[in-house]
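Q: Here are the chains, one letter per residue:
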Amino acid sequence: MTVSAQWGAHIDQLRPLGELGLLFEKQIGFGISYQNEFEGGTRAGADFSFFKMRPRMTEFPIVGTVISGNSTFVSLGTQTFYKYHLFFIDFYYDWAILDKDKYQFYAGGGINIGASSVDYEADSPSISSDSFIGGGSIGGVFLRLGYDHNIGDRFVVGLTGSRRVYFQKDAGIFGDYVYRFKATYYF
Amino acid sequence: MKKCFYLFFTALALSFCGCGKPLDNVDDYFPEVKIVSYTPEVDGSVTIVAEISDQGASDLEYVGMCLSESRTPTSLDDQKLAQLSNGRFSVNYSYFTNDDGSSIDLNSDDTYKVRAFATNGHGYAWSAVFEFGPWTVPSVEAPCAPTINTINYGSGTFSAFTSGPSTVSSTYDYTMNSSQADVKFAFGGPLETGVFTTASTSGFLNAHQVYVQLTIFNIYFVLPGSLVYVNEISENQFEVTICDASTSLGSGSDFTARFIANG
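So the sequence lines, in the order shown, correspond to chains A and B. Taking this note's numbering, the leading residue of the first sequence gets 1, the next gets one more, and so forth. Taking this note's numbering, the leading residue of the second sequence gets 1001, the next gets one more, and so forth.
Chain A on its own, in the form it takes in the complex (with noise of 0.2 Å):
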């Protein structure tokens, strides 16, 4: 192969764990990639995602306490989200673990940055009613392993799936599985 990088579109489905995969669907999302090709065993790259979350419930169940003294309220809320988009930005290095003329097997890591952007609704009763409309930045790390198989000189496909943990601002620390379909064109 002759040349160095490539440009890629593909499709993911990011499953949610802990708090945030309460809260949201697994959901599709798509973007593109920009890579190197294995050299001497390694490459670098990036992709850029984006997802719509499809929250799991209308209304979720949230809780306020007010301790004045001897004596709790307990306050039964609602929050509403109308909105839950994530931008990443996943920057990773890979290691061949297996480097064929047809098809590599290999493990990567890296690290993503991002963006939120979220409009939601919160009531708690006698405590507190607020909305939000807004973003937070993103920013964490990730494993991932994955396989390419060569379709003649300038094509690949692959998978990849990816663990991840990232901060969200204003949020709080979140994970999810990122599985990757993967189509590249060699320029």
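Simulated from the structure, these hints should not be mistaken for laboratory data. Honestly, I wouldn't trust all of these hints.
[Said to hold, decoys possible] 27 Å max Cα-Cα, derived BS3-like pairs, lysine-lysine:
1. B:K1021 with A:K52
2. B:K1034 with B:K1080
3. A:K83 with A:K52
4. B:K1021 with A:K26
5. A:K169 with B:K1021
6. B:K1034 with B:K1113
7. A:K100 with A:K26
8. B:K1113 with B:K1080
9. A:K83 with A:K169
10. A:K102 with A:K26
11. B:K1021 with A:K83
12. A:K52 with A:K26
Following the hints, position chain B against chain A.
A: What follows is chain B alone, placed relative to chain A:
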């Protein structure tokens, strides 16, 4: 070496992330609670029992109930928290709060709506709305059995003539007149089967409070906290009994009486 450090750091971060696989059914994160019974009490209140059938995906934090006269109760409607014991908890309601903020005693002729709730680390769940009433207040048994229409205090026993009710004031008043002593029972509401508690004044009595005043040369009263037992023995006819109640007259002057009167 750098790569190894990077991989180790990443693996460490992943292992520290509390990122368990999500539950297939989102409702499984939250507790399940249901109301299993209600019991009318002799003091006019009602005790409601609820059961936790599933605590959800994390530890329970609060359990309790909310009550309303007319609408589906929310957390703002007479919320009472409870303690869980063997998967169950109970709440006793003797009044509800009206929309204007005033407290109104439960009336055994009316119906009320109550919901139980339970919270855990993921959220909360309500029980189905439980509607109760009208109900019959259970009959009560006084711990003493004095002769009807007699007054006993100190070492004396006196026959009495009973009259009432008089509603000249805001209370339901019954009077026992004898040669040695007169006694007035001022009930906060009309007579009904149940246990009433004595109060230190006849003002602002609730439906299950009663002020008992003795006139023996001077005016004395039964100290607060004594019990007056009322049973409906026939249609609108009630037997009222008070047993060994302490009075403001001092020690050795315990007071016992029984009379029958119309409601």
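Q: Each hint needs a verdict: does it hold in this structure or not?
A: The hints, checked one at a time:
For the proposed pair K1021 of chain B and K52 of chain A, the alpha carbon gap of about 20 Å is at most 27 Å, so the pair holds. Restraint check for K1034 of chain B and K1080 of chain B: the C-alpha separation of about 16 Å stays at or below 27 Å, so the hint holds. Restraint check for K83 of chain A and K52 of chain A: satisfied, since their Cα atoms lie roughly 8 Å apart, inside the 27 Å limit. A distance of roughly 11 Å separates the Cα atoms of K1021 of chain B and K26 of chain A; the hinted pair therefore holds under the 27 Å criterion.
Straight-line distance between C-alpha atoms of K169 of chain A and K1021 of chain B comes to about 22 Å, which keeps the hinted pair within the 27 Å bound. Distance restraint check for K1034 of chain B and K1113 of chain B: the Cα-Cα separation of roughly 14 Å lies within the 27 Å cut-off, and the hinted pair is therefore satisfied. Restraint check for K100 of chain A and K26 of chain A: not satisfied, since their Cα atoms lie roughly 34 Å apart, outside the 27 Å limit. A threshold of 27 Å between alpha carbons decides the hint, and for K1113 of chain B with K1080 of chain B the separation of about 14 Å falls inside it, so the pair holds.
As the CA atoms of K83 of chain A and K169 of chain A are separated by approximately 17 Å, the hinted pair is consistent with the 27 Å bound. Distance check on the hinted pair: K102 of chain A and K26 of chain A sit about 32 Å apart at the alpha-carbon level, beyond 27 Å; violated. At most 27 Å may separate the alpha-carbon atoms for a hinted pair to count; K1021 of chain B and K83 of chain A meet this at roughly 23 Å. Pair hint K52 of chain A plus K26 of chain A holds up; C-alpha atoms about 10 Å apart against a cutoff of 27 Å.
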